[in-house]
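Number of protein chains: 2
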Amino acid sequence: MKRIKRVTIVGVGLIGGSISLALRRCRKSIEIVGVGRRAPSLRKAKQAAALDSTTTDLAKGVQGAQLIVVCTPVNTIVERVREIASHASPGTLITDAGSTKAEIVAALDKNLGPGARFIGSHPLAGDHRAGATHARADLFDGRTVVVTPTRASQASDVQQLCDFWQLLGAKTLKMTARQHDQAVAATSHLPHLVAAALASATPEELDELISTGWLDTTRIAAADPELWTQIFLSNRKCVLGSLKRLETNITRLRTALEREQPAQLESLLKKAKRSRDAVGS
Amino acid sequence: MKRIKRVTIVGVGLIGGSISLALRRCRKSIEIVGVGRRAPSLRKAKQAAALDSTTTDLAKGVQGAQLIVVCTPVNTIVERVREIASHASPGTLITDAGSTKAEIVAALDKNLGPGARFIGSHPLAGDHRAGATHARADLFDGRTVVVTPTRASQASDVQQLCDFWQLLGAKTLKMTARQHDQAVAATSHLPHLVAAALASATPEELDELISTGWLDTTRIAAADPELWTQIFLSNRKCVLGSLKRLETNITRLRTALEREQPAQLESLLKKAKRSRDAVGS
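The listed protein sequences derive, respectively, from chains A and B.
Quick note: the first sequence uses my numbering, first residue 1, plus one each step.
Quick note: the second sequence uses my numbering, first residue 1, plus one each step.
Some hints could be false.
Estimated spans, in silico, between C-beta atoms of each pair [to be verified]:
hint	chain 1	residue 1	chain 2	residue 2	range
1	A	Ala-263	B	Glu-247	53 to 61 Å
2	A	Asp-277	B	Ser-281	47 to 55 Å
3	A	Asp-138	B	Ser-86	55 to 63 Å
4	B	Arg-259	A	Asp-57	34 to 42 Å
5	B	Thr-56	A	Asp-207	35 to 43 Å
6	A	Arg-25	B	Pro-262	46 to 54 Å
7	B	Pro-262	A	Gly-115	33 to 41 Å
8	B	Asp-138	A	Lys-244	51 to 59 Å
9	B	Ser-281	A	Arg-43	35 to 43 Å
10	B	Gln-179	A	Ala-130	20 to 28 Å
These are calculated hints, taken from the structure and not from any lab test.
From the three backbone atoms N, C-alpha and C, an ideal C-beta is built for every residue, glycine too.
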């Protein structure tokens with residue numbers, strides 16, 4: 001990390017803001033620049049995320065940075081990285097924080113122009129509340145960040161990127177973009193889809209009878225609909241595959257209940273409990 | 001509540017133990033008796049739940065009590081209440097803490113013998129950890145307890161029962177047993193079923209990629225499988241009705257994803273977010 005003197009964060013929301021705060025916590029001398037689209041929200045973000053400076057001018061914002069982290073919505077990342085690559089200083093390493101990786105990595109793995117290199121990242125951390133005002137220096141502490149190098153990636157870049165995320169408090173895990181997308185379809189995207197389906201299945205007038213179980217199970221249904229529409233669509237096939245497994249499980253539970261088969265029902269619930277207990281709280 | 005001098009709790013697990021602790025918190029002079037099946041776990045419960053005395057002898061344990069709360073598994077409540085009614089002193093009010101109400105109330109509304117009266121209760125409070133050692137004095141604070149009187153119930157009994165739960169820190173809500181069962185099918189039983197289906201749909205090797213969203217959404221899949229088998233079966237029709245609504249929502253989300261319809265997908269997620277936001281954290 002010694003040669004990084006300036007980091008530019010493009011898109012200073014919850015993730016971008018938390019990257020800044022986490023970096024600030026341990027490396028006071030690194031200059032952190034925030035790039036955004038709207039001056040008023042950038043002003044708020046500058047204060048909330050302790051940025052050194054901000055700009056709406058992407059070309060200006062990325063100049064002189066050794067590392068650029070793109071934290072914009074998943075459907076804008078490819079375009080944004082290409083734009084950055086055309087302005088960045090030679091030798092700049094670019095990464096992102098997008099929730100899906102295969103499409104992005106396939107588009108950006110090569111041909112970025114002179115000296116700019118892209119390696120994908122996905123920090124498995126977040127909050128159902130969006131925006132830099134909810135950013136936290138400890139958002140990545142103990143969390144996993146998946147890094148998705150390809151055959152074209154330079155080992156020193158991969159190392160530097162892993163060092164960066166570890167500096168912010170995270171553990172890093174290297175895998176291919178495809179492996180990543182299949183995994184998060186099951187561990188992240190499917191829960192969001194299910195939470196949404198469950199929240200919508202609850203009649204409104206029952207608010208007083210809401211249990212803590214319902215609150216937990218539906219919590220992430222409060223996430224940003226626009227953001228998640230893009231995530232689901234960009235990982236469509238893997239999400240549909242995971243959803244099929246879920247629907248099979250629901251059918252099994254329903255059938256056992258319809259046929260009043262206690263042993264079958266209990267066995268399905270035991271299997272679920274084993275899966276849940278294996279992970280911890 | 002003035003005339004209650006002794007309360008007997010039959011089944012001193014998480015709920016029974018927490019009733020004792022919550023009562024102890026505000027009414028030091030009330031004698032609290034715990035009845036259980038096994039002496040070793042009763043010894044633990046006596047300490048954890050601050051009971052005055054314990055016994056495995058149901059007939060002995062219920063004598064002299066003005067209020068008896070049955071906190072045994074939902075499929076044993078009817079039998080246990082009938083047994084209690086045959087031993088209890090005349091004028092004893094019996095209630096339960098079962099998660100379903102229609103079957104229980106239908107079986108116990110009348111013909112309990114001289115002077116014993118039953119009114120159903122369901123405290124909407126809990127924890128995925130079972131047992132008296134997890135009991136807490138504040139388990140009912142601010143929670144809803146549904147009380148399900150019938151035409152046969154005496155107004156003074158209903159009042160006394162509501163006073164009792166309010167004393168423990170809860171809000172009370174009166175409704176019919178059938179209304180209750182339909183409501184909790186949506187707000188409690190369906191979330192448990194969904195959490196179980198989701199936990200089982202997650203491949204084991206993905207533990208490192210588990211997100212906070214997955215942890216929240218599957219938390220209640222760790223609940224006791226035997227207990228929940230009984231709850232699902234005792235509220236079978238209502239749970240199947242709720243499940244149908246969920247499956248419809250899942251099909252809508254799946255179809256929008258299969259057909260790559262962003263507007264449709266976002267509209268479904270927005271509806272879910274509205275439902276979730278309306279309730280709060």
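*Which earlier hints can't be squared with this structure?*
1, 2, 6, 8, 9 and 10
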